[in-house]
Amino acid sequence: DVKVTQSSRYLVKRTGEKVFLECVQDMDHENMFWYRQDPGLGLRLIYFSYDVKMKEKGDIPEGYSVSREKKERFSLILESASTNQTSMYLCASSPGTGGKQFFGPGTRLTVL
Amino acid sequence: EDQVTQSPEALRLQEGESSSLNCSYTVSGLRGLFWYRQDPGKGPEFLFTLYSAGEEKEKERLKATLTKKESFLHITAPKPEDSATYLCAVQAVEDSNYQLIWGAGTKLIIKP
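Protein sequences appear in the order of chains A and B.
Note that the working numbering numbers the first sequence so that position 9 is 72, with each residue one more than the last.
Note that the working numbering numbers the second sequence so that position 63 is 64, with each residue one more than the last.
It should be emphasised that the hints constitute simulated quantities derived from the structure, not laboratory data.
Be a bit skeptical, because a hint or two may be false.
Claimed, not checked - Keeping only pairs whose Cα atoms sit at most 20 Å apart, straight-line, the calculated SDA-like set for lysine to any residue is:
1. A:K163 x B:D96
2. A:K163 x B:K58
3. A:K134 x A:P158
Source: prediction; values computed, not measured.
Start from the sequences, fold in the hints, and give me the full structure.
Here's what the structure looks like:
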């Protein structure tokens, strides 16, 4: 069974802290994505990666960075967390250029 | 500007009461339209892909249809376990092969 796992389900951090969210997929997919999901808004793409060490900005990259050192792992980094980054963060992977993506369970991040 | 709008925001039905969810989109060229289901506290789960007007896909009590401007997700004789948020996303021809444009979702509640 296809599986995407995320390092934490819930996370509480303080303003200014550096935050790492990790995502691992076991399907050998080339593409990986980080989204944030807020009430009343659709999923918004933060960054995606189509290959190891390759990354592309999505719609809302400001305040975030990513790292993909291995094919199965994609990390999202909040360099200095702010309260407006309180959100649900979803990681996904896909095997090709189509829109069928496989999602992890999400990390609900609260920044105080 | 490419966008996806889902309606209604929320829909409450009695068990067995059939209805439809709407996803309208504006893109200059449609590469594909995707339906996902999201249960509370979980990531979205892929349901269907539609590529061209007139296409239909079915899965159990769900049927997705596509026209040139919108898609419908028809739910026939729903059961309480069909309660979830249903998300629609489109992939536009002119966008990168990886990016999806997401609607905000319709929250479906089926009462026994």
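Each hint tested on the structure:
1. A:K163 x B:D96: OK: K163 (chain A) and D96 (chain B) at ~16 Å, within 20 Å.
2. A:K163 x B:K58: 15 Å, holds
3. A:K134 x A:P158: 12 Å, holds
When each numbered hint is compared with the structure, no violation occurs for any of them.
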